[in-house]
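> One-letter residues, chain by chain:
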Amino acid sequence: MLRNIKLEIKKIASPVLIAMGVLTVLNSVLSCTLYRDYTVYFDIDAWEIGTEFLGLVFPLFVTVPVCWELYYERRNHFLVYTLPRMDKRHYLGSKWCACALAAFLLMFIPYFISAVFALYVKSPAVILFPEDYYGHIFNDLYTQTPLLYALLLSLWKGLLGVITMTFGFVLALYGKNIFVILTAPFIYVILENFIWSVMGLPMYRFVTAFEPSSLSIEAIHAGSFIAGPLLMCGVIVLIALYYSKLKKRAVYEV
Amino acid sequence: MMVETFIQSVLDGLLLSLCCLGLMGREKGKFDCLLPFLFAGVCLVVRQVFGFSTADLAYAVLPVNTVISFMFLFLAVLLINSIWFQRVEGHAFYGTIAAFALYLLLRELCLVVFYLCGVEETAWFLYVSRVLSLMLWLAIWAVGVLRWLREQLSDGSLTVRIIVSNTAILLLLILVVFRFDLSLMFRWLPVTAGTLALLLFVDGIAILIEQHRIQSQRRTKLLEQYLPLVEELIEQVRARQHEFNNKMMAVSAAMAAANDLEEAKSDVASLLQNAKLDSIDRELLKCDSKVICGMIFGKSKQAGLKCIRLDVSMAGAFLHRSLPEADWAEVIGVLIDNAIEASSPGAVLYVKAVEENGGLLFTVSNPHHALSNVEFVQMFKRGWSTKIASGHGYGLFNVRSMVERYKGKIIARNEAIEGTHYITIGVLIS
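In order, the protein sequence lines correspond to chains E and Z. Under full-length UniProt numbering, the first residue of the first sequence is numbered 1, with each subsequent residue one higher. Under full-length UniProt numbering, the first residue of the second sequence is numbered 1, with each subsequent residue one higher.
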C-alpha cells in the first residue's frame with residue numbers, strides 16, 4: 001500500500017509542487033504587504049488579511065493540480081490496464097491517499113509558511129493595542145500564541161482541503177468533462193455560500209468553517225465548523241450514488 | 001440604470017458568443033441562437049454580482065472590473081464552451097482564451113479609435129463601440145481569419161496557442177494595470193500603443209519561427225521522399241556508363257579493323273546506335289534540384305506503368321527563385337499527376353522548364369481537346385474536378401494560391417504538337 005502511495009505521489013508531484021510553491025510565495029508576499037492599507041492590532045492580523053485571496057479560490061487549487069491525473073488515467077485506459085494487476089479498491093484507495101496528502105499539503109504549507117512570514121519576517125507593524133474588548137475567534141490563542149493558532153488553523157484548512165479534493169476526486173471517477181470535474185468544487189462552494197447567506201444562516205457555510213474569522217465571534221459556534229464540511233460530504237456521497245446507482249456509470253470506462 | 005446594464009450585457013454576450021462560435025465552430029444538434037442568450041445571462045449575472053462600480057465607463061470593455069470577477073467570468077465561459085462544444089480539452093481551453101483575446105482586441109481597438117477620433121459622448125463608448133465591435137467581428141469572419149484560427153486551434157498549433165494566450169494576457173493586463181479605468185488608459189495611450197506594438201512584434205516573431213519550422217519539416221520530408229529516387233537515377237546512369245565503356249572499346253576495335261573510312265563510319269554508327277543516355281535521364285541530370293529531379297524521375301516511372309511517356313526538357317534553374325523548393329515540388333507534382341490522370345495509355349506528355357523573362361516557365365502538356373478560356377479559369381477554382389468522388393479538385397486551386405502568393409503567373413493554353421491537340425498548364429515564377 002505504502003509503495004503504491006509513493007508511486008501515486010510521484011505522478012502528481014510536479015503540478016502539486018509548482019502550485020504549492022506559487023501559493024506559498026503569493027501568500028507570503030501578500031501577508032507581508034497587504035496589511036499596510038489596514039488597521040492592524042496584532043502581527044497575525046496581517047496573515048488573515050494576506051490570505052483572503054486564497055480563501056476565495058482554494059477549491060480550485062486543491063482540485064486542479066491533483067484530480068486531473070485520475071481523469072486522464074481513465075481516458076487513456078490506464079485504469080483498465082491496472083485491473084488485472086491490482087485490486088480496484090486497493091489502487092483507487094492508494095490514489096486517494098496520495099491525492100489527499102497532496103491536497104492537505106497544498107493548503108497547510110502555504111498557510112503556515114505565510115503565517116511565519118507575517119509573524120517573524122515582515123517588518124513589525126505599528127500595533128495599536130485595542131483599548132476596548134477585542135473579539136476574535138479563539139481570542140486567547142490568537143493574541144497570545146499566534147503561531148500555535150496559525151498552525152492549528154492551517155491544519156484544519158488542510159483537512160477541509162482534503163474534503164474539497166475528494167469532491168473533485170469522486171467527479172473524476174465518473175465525469176466525462178474535465179472542466180466540470182476541476183471547477184465543480186469551486187462552483188459548489190460559491191453556490192453554497194450564496195444559498196446559506198440568502199437564507200440568513202451564514203454561520204453554516206463551508207466558507208465559515210474554512211475561515212471562521214469571516215463572521216463576528218457571536219455568530220460562530222461548534223456547528224459552524226461541522227455543518228459546511230458535513231454537507232459537502234453528504235453531497236459527495238449523493239453524487240457517487242447518483243453516478244453509480246442511477247446512471248450506472250462505470251469508473252473503469254470513459 | 002437596469003435597462004442600460006441589460007442592453008450592455010446583451011451586446012457583450014452577443015460578441016462573446018460570436019467569438020466563441022467563430023473559434024470553436026458550430027455544434028450539430030444545438031441551436032446556435034441560444035448561445036448569445038446564455039452568454040448575455042452570464043455577463044448580466046457577473047456584472048450584477050460583482051458590479052461595485054457606478055462609474056459610467058467602468059464596464060466599457062468587459063462586464064467585470066476586477067481580476068477576481070474576471071476569473072469568474074472566464075470560468076463560466078470555459079464551462080459553457082466545454083459543455084456546449086464537444087471539442088477536445090485543448091481546443092475548448094485555448095478556444096476560450098482565443099475568444100477572450102479576440103473580444104478584448106475588438107473592444108479595446110474600437111474604444112481607442114473612438115478616443116482618437118475625439119469622441120466625448122459616453123453613449124458612443126458604451127453602445128456604438130459595442131456595435132462597431134460586432135461589425136468588426138463580421139468583417140474578420142468574412143475574410144476567413146476565424147476559420148483559419150479555428151483550424152489551427154483544432155490542430156493544436158503551439159504557435160497559435162502561444163499567440164492567443166499572449167494576446168489575451170497582455171490585453172487583460174492593460175486593463176488591470178489601469179484598474180479598468182478607461183480615462184486612465186487613454187491618458188497613458190502611448191504606453192498602451194507601445195505594449196500592443198510589442199505584442200505584435202513578439203507574435204510576428206513567433207509566426208516567423210513557426211513558418212521556418214514548417215518549411216524545414218517540409219524540406220526534410222521531401223528529401224526523405226525523393227532522394228532515394230535520385231540515387232536510383234544515378235545508379236541507372238552508372239550502369240549505362242559501364243555499357244558505354246564497352247561500346248567505346250568496340251568502336252576502337254572497329255576503327256582498327258576497318259579497311260576504309262566509309263566502312264569505319266558505318267561500323268561506328270551501328271555500334272553507337274544505342275550507346276547514349278535515355279533522353280529523360282540526360283535532361284534530369286541537368287536539373288539543379290535533387291528533390292525535383294527525384295520527383296520527376298519518380299513520376300516518369302509512375303507514368304511508365306500506365307504506358308504513358310514523359311518527354312522532359314530542362315533548360316532552367318528551380319533553385320534561388322521566389323518559390324521555395326518544397327512548393328516547387330508540390331506545384332510540379334500536381335501538374336504532372338493531373339496530366340497523367342487525364343491521359344490514356346500510349347500518350348506522350350511534355351514536361352518543360354525554360355528560362356523566360358528572368359523567370360522560370362514550367363509547363364506540362366497532355367493530349368486533350370481544346371478548352372475555352374472560361375474552362376481554363378474554372379479548372380483553377382476550389383473543388384473543381386473531373387472526378388465524381390468528393391475530396392478532389394484542390395490541387396490546381398492550391399497551385400493557384402501558391403503562385404499568387406509568390407507573385408507568379410499561371411499559364412494555360414491550347415497547343416498542337418505533332419498533329420495532336422494538347423493543353424498546356426504551367427507556372428511562371430520569377
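Hint data in this document are derived by calculation from the structure and do not stem from the laboratory. Bear in mind the structure is a predicted one, so any value in this text is a computation, not a measurement. A portion of the hints provided could be inaccurate.
[Said to hold, decoys possible] If the Cβ cut is set under 7 Å, some of the chain Z residues that face chain E in the computed set are: (1) LEU78; (2) LEU79; (3) SER82; (4) VAL88; (5) GLU89.
Here a beta-carbon is modelled for each residue, glycine too, at the ideal position from N, C-alpha and C.
> Next step is simple, just say for each hint if it's right about the structure.
Evaluation of the provided hints:
| no. | hint | in the structure |
| --- | --- | --- |
| 1 | LEU78 | holds, 6 Å |
| 2 | LEU79 | holds, 6 Å |
| 3 | SER82 | holds, 4 Å |
| 4 | VAL88 | violated, 10 Å |
| 5 | GLU89 | holds, 5 Å |
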